[in-house]
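Engineer: Here is what each chain is made of, one letter per residue.
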Amino acid sequence: MMHPTLLPRLALAILWAGLGNAQTPSGPSEAECLAVLAATNAPLASIAAALRSLSTRSTEASIPVLQAYLASPAWSDLARGALETLDHPAASAALRQAAEAASGSTLAGLLDSLGRRRDPDSVPLATRHLKTPDAVVAAAAARTLGRIANEPAIEALVSVASDHPRPLPPYLVEALCVAADESLRQRHSPQFAARALAPLDLGSLPPHGLASVLRVRAAVPSEAAVLDAVRDVAHPAASLIAAHLVSHGDVSAPTHLVPETVASLSEPLRSALLIVAPSPSNSVHELFLDLTQHAPPDLRELAIAIAVRRGWPPILAVLWEQARDSASRASAEACRRLAAFPNDAADDFLIRQLRSAPTAADLILAADLLGRRAWAPAADAMLELTAHSDSAVRIAAWSALRDMVDARGLGAILQRWTDLAEPHEVAAAEKTLYAAVTRRAPDTAPWIVAQLSNAMPTVATAARPPLLRALQRIGGPAAVRIVADAAASADPAIRDLAARILIEWPDREALPWIEDMARRGEPAALRPLAVRAVLRWTSELELAPDIRANRLLAWETMMASEDDHRALLAALGQTPSVLAIRRLRDVLAHPNLVNEAASALLKIADAASQLPADELRLALEQARAAPLAETLRGQIERQLANLPAPPEKARGAHERYRARSPAMVPAPPPPPAQRSEVADP
Amino acid sequence: MRESTGFVNSDRQPKLPSRPTQVNISEALSRRSAIRRLATLAGSPWIVAARAVGRDGAVAPSERIRMGAIGIGRRGRDVLRWFLQQPDVQVLAVCDVQEARRSAAKAMVDRHHGTSDCATYRDIRELLARPDLDAVVIALGDRWHALAAVWAMRAGKDVYCEKPSSMTVAEGRAVVETARRFARVYQTGTQRLSEPNHVLVYELARTGRLGRLHTVYAHITPGPTILDVRWAPPEPEPPPDQIDWDAWLGPAPWRPYNSSYVAGNWHGDADFHTGAIGEWGAHTIAQCLAAMEPVPPAPVTIEPAKGPSGNGTRLKFANGVTMILESAGHWRGSCGEWIEGDEGAAGAADGYAAADVSHPTLLRESRRCLAAYQERTGRALDHVRNFLDCVRSREPPVAHAKVMHRSMSLVHAANIAVRLQRPLVWDPSAERFADAPDANRYLARAARAPWLFG
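Chains A and B, in that order, give the protein sequences. Using the working numbering, read the first sequence as starting at 1 and increasing by one per residue. Using the working numbering, read the second sequence as starting at 1001 and increasing by one per residue.
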């Protein structure tokens, strides 16, 4: 039979265990938490967990239990946390009641919670503690009153501040500012909010205090409230702070500014007001018009800068005239502003200038600016301009098109291609063509290749190379066939260019043609490049390494120079196979190629874990004995040290090899026990 | 919602997405960017020197930005090192509740500057009372981030604060309000908002190269996001000169001392940590939001994944984009984002040589794209440098308080939805859940006195 006291103890233990998991979604219920808090022998951790849980699930039923914990220095913070979020008037009452008897940090915390609940009934309590010598409590009381910000709270703060010796402590200044801001937030009148700020000495106010003063004074329903506020405050930093408030939308800017007012303002407030001046508004329109035409140079420049940043279309005509005057210093800046104008009103404007430009210089300027703005809808107009009679205009149009087109514009570009002949024009158009074929959707390559292929026979010889290079940028089997056809052209310039393009082809689709070129040795000047391209692509073929090595070695007879051989050795180094190792071993005897052969062997040794270790060891030992660069020898030593020790059978193979070429391979060191038995060969 | 000056017909859009040099119209016209435009006006003397707003009496800004470091454990010293590498930074003081850390950081700073006068403080309030500091870097435990930032800004300092920047939505709001009221420059340590690989991803998305966005993936730490409160066995408190336990706890709920907390075992404890979503999501949700700009301030529906991990939680935005929180799947490194549109996808994470993209053509104009970003924003592709530049210019840095609070609010909201295991609708304007009073009770927690936000 169970002991009569055991059952409740067991229940409590289960409850405590459950509270350890307090933060899981299924956490303890309010009743379970309260049971723990009511128990006299609950562990501290369980009490903490229960109080923490109640911060999200307490109801009115929890208030009496929580109230008991409010007075405890250890638990008061968690207990008031559970009450702070509880939307019930009794929660405030419990906090107030606890505060009546509390002191020190506990009292400060309780006052803070009452302030967060904006409990108007706490005003007398907080007021009593405003003058306490405990700075933490006094600050909490002041802040609480600032948050409540009703009439009694503000009166209490004002009264204490008025009697306080100067300078006021920062917490009191802050509380008064909070009260003013909070009062505005609660939609009290600005006059009411201003009462909170009355005790403040403007001359010694910190900037954020001055900001509060300006916020309150600028909150009155007056057209020029912020200007009046700055004037009334008459503080050296008032303009600066007002500019900050205006820029952040904390205070309203006047809706009707006149040039005289703007001219009378100091910076930075003037800039701020011009930037945020509400629009559309005829008055703002007139203001900017006036400032940009009649103001003194400094103010005029400021107005232009702000008008540009606001994207105000009428300023475009001013900028255009400045830009056209290329002799003036303002021209470059005007061009920059037109190019960076923040909306497409500038594009429309420049298109209009393009269509109505009286001179070639204007056309070039408009084309250049539209190009810098990369405005795609201007592409049609720019294409029209590529047929202009003036070659400078045509070149400007091609340059501008570069940032406007993608592959969808290729057809139109190629239509113009038949007219191209001048080298400078071809050079400008070439970049546009490359931009168009580069900006393509993934599945449009065949269509682009077909377009380029169709255009090829129709264009002048001088305009054909860019088409071939464009095909190279696209790559793939269809493009390579067209270039290969061009490589058979009767025109030597086209033939050589096509051959070079094949050699530099970005993928291995061109390998058969390059092999053919290399075998034929034509064009002769490109043969070494062709051979190396063959070696490079062959070494990257997805074939078994031995087969790749075989294909590489088949080219050995075509090697015409030591450089060719070096390229072959490098390719063999990327082909980890027994065949490659054996050939490299042979080359180690060549004094001019020994370093390259050893490097290739090291690459194979790095890459090939599947190769027979004895083959590798023999080759590396042979390399070690060769007249190598010292850095390579060191690498070979390290590589040899990493290889597994040769078994007896391998030693036999080694011996056989030594017998075959005794001069090349030094004897391996014998095992210590057998050293005396090994005869020198 | 776009704000218009009315000067512009903003309905007209370019036909092609590839306009990297084009100025974003909505940004160019927003009131929020007015301050930036103000600051970049040539010759405009409005730029506020750090001490013009923060401290009285001084006239001209010094050549160096004088800084203090608060919280100088392993992470804190790493961040401090980044600052010391900047030529215009002078660290004058360090602060930590642990004596060993204070000594180590002082030695590091003195060695760097070739001096011996770096001051050490145990109490953050003493460091903040120094009038000669322009800015502070805060790398305390998560529980302290918001409070230390609020106190520092009230003391007139600009703040670079490690993430996660708040433990609750209310703490984040306090940081935003303080930065606004005291006109302080605040940057949260979400450094991937300034790293080239990531910035390229945001720019690819912003300039339409990925087409219309439909899904974004935010990387979260593998592990639980719903945490327990785990008390270690009580141990005798060391002398405050060695470890000030009361200050270590700060605003977090009281518990008895145990050395393991101080050694770093506070991670994963609900009193001190924001879980798997907060740990990396503090970065990656901000990263995804950067790619989604402009993000409408409209309600977000949060559909939590089953279980305590949060892995698979979905956040559905009013513009049709779904953000999925994932602990694995799209990345080879940590803290990544992956952005998908109907014309392409891109993403980045730690350790990438270049951003991952669905098609290589997206990388072809990366230099130009990044140059256009810098031209448009005037921001350095270096988070610390961006902060220091803003300390001088008074422009908002890339991860300013509102940016931080917007993403951290989603971190907290997602955590709450996972905790309650039911869908919730988060209203970012009201900073409340719609029709969920029980969920709204998780949005704040009482700070422990005397470590109060005030």
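Everything labelled a hint here was simulated from the structure, so no lab data went into it. Heads up, a few of these hints could be off.
[Stated by the list, open to error] Quick list of simulated restraints, FRET-style, between CB atoms: (1) A/P644 to B/H1267: 28 to 34 Å; (2) B/A1371 to A/H88: 45 to 51 Å; (3) B/R1111 to A/D586: 42 to 48 Å; (4) A/E100 to B/R1111: 50 to 56 Å; (5) B/E1235 to A/R187: 48 to 54 Å; (6) A/D134 to B/A1263: 33 to 39 Å.
For each residue, glycine too, the CB sits at the ideal point set by N, CA and C.
Engineer: Which earlier hints turn out false for this structure, listed by number in ascending order?
Structural biologist: Violated hints: 1, 2 and 3; rest satisfied.
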